[in-house]
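Spelled out, the chains give:
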Amino acid sequence: MSSVISRVWCLIRAFLLIYACLYFGIGIATFLPIALPGSIIGMLVLFTLLSLQIIPSSWVKPGCHLLIRNMALLFVPIGVGVMQYFDVLRAQFAPVVISCSVSTLIVLITVSCCSHAVHREKQGLPMPKQNRE
Amino acid sequence: MLHNIWWSLPTTLAVFFLVRRLALRLNNPLFNPLLITMLILITGLIITKTPYSRYFSGSQWLNSLLQPAVVALAYPLYEQLHQIRMRWKSIMAICFIGSLVAMVSGTWIALWLGATPAIAASIMPKSVTTPIAMAVGSSIGGIPAISAVCVIFVGILGAVFGHIILNAMHIHTKAARGLAMGSAAHALGTARCAELDYEEGAFSSLALVICGIMTSLMTPFLFPLMLALH
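These protein sequence lines are chains A and B, in that order.
With my numbering as the guide, the letters of the first sequence map in order to residues 1 to 133.
With my numbering as the guide, the letters of the second sequence map in order to residues 1 to 230.
Calculated directly from the structure, the hints in this document are not laboratory data.
For each residue, glycine too, the CB sits at the ideal point set by N, CA and C.
Keep in mind that the hints are not guaranteed to be accurate.
Residues from chain B that face chain A, not an exhaustive set, calculated with beta carbons under 10 Å [claimed, not checked]:
#, residue
1, Ser8
2, Thr12
3, Thr37
4, Thr48
5, Gln60
6, Leu65
7, Ala120
8, Val136
9, Ile146
10, Gly158
11, Leu222
12, Met226
Far from chain A, by Cβ distances over 12 Å, these chain B residues were calculated [stated by the list, open to error]:
#, residue
13, Arg25
14, Leu26
15, Asn27
16, Leu30
17, Pro224
18, Leu225
19, Leu227
20, Leu229
One chain only, chain A, in its complex shape (with noise of 0.2 Å):
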């Protein structure tokens, strides 16, 4: 009993930290200039907290993952959504549909080549030495 209640108080510990980031981050965004939205920010905040030991990761813990773990379940709603514009994609069919697919196949490949060339050589920097012995 006593563990199912502990557990319960670290879930809504984690989500009142987490919520207190995103109306930090709703507030900070109000003075900006340029259209960022507050759960970025609120993101970068609590990122701040964690990186500078502000507060333990483990007291964010458990709603992070909650809320991950779930991410796909929370865009069904606006997903759904699409059926109010069958309308409009059917009359720009063509340029969104095209555009939408061909550009991000184009961004997938450039992405992960770059990254790929860059990255897999800082992993494998130890190799060269191994490889010459």
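Once you have looked at the hints, place chain B on chain A.
Okay, now just chain B, sitting in the frame of chain A:
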């Protein structure tokens, strides 16, 4: 019959978790839980003639959890801090290239195929996460709803086909896979990466944040330029 909106949330949850359990068993990337859940729910809403606004008002709670979920992405990012610190400059450079390529290629192809400026503006921020895309799209004269549709479409494409393409290219570097998914398919790609591999998910959320910020900084200058050059 789906006449009461309270049906919306339990139905969404039940369909999603059933589909995800099935997806785990099938282990086929084309059987994407989000995509299949959406198809089932859209079909259901059309058959029962339930208006979308009615469904959405019942499931709004899930949608409002998206914001804390974005904040929660700080955790995997923090866990990979040592990895990120070593590669800071290269990651920034790659994300810059990624977001530039995403915006220029998407907008250019759309304009070339005869999209109106409003549609092109809505397509421009398609590779970043929904809240940024909607804000950025409307700031350059796009239609927020169309931006959201493009974002979801791109996200599903990335989540469904991203790993198939990456495997076909024989790219197994976790950093490369994560960064590619995050910069091409934002939060949906990140959600997919996090399902499969934690480290990949961390790199993906890194790309999501950096590309999001870079896109919102670059679009106001880039879009008029592209429109003028077209």
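- Task: Tell me, in ascending order, the numbers of any earlier hints that this structure violates.
- Result: Hints 4, 11 and 12 not satisfied by this model.
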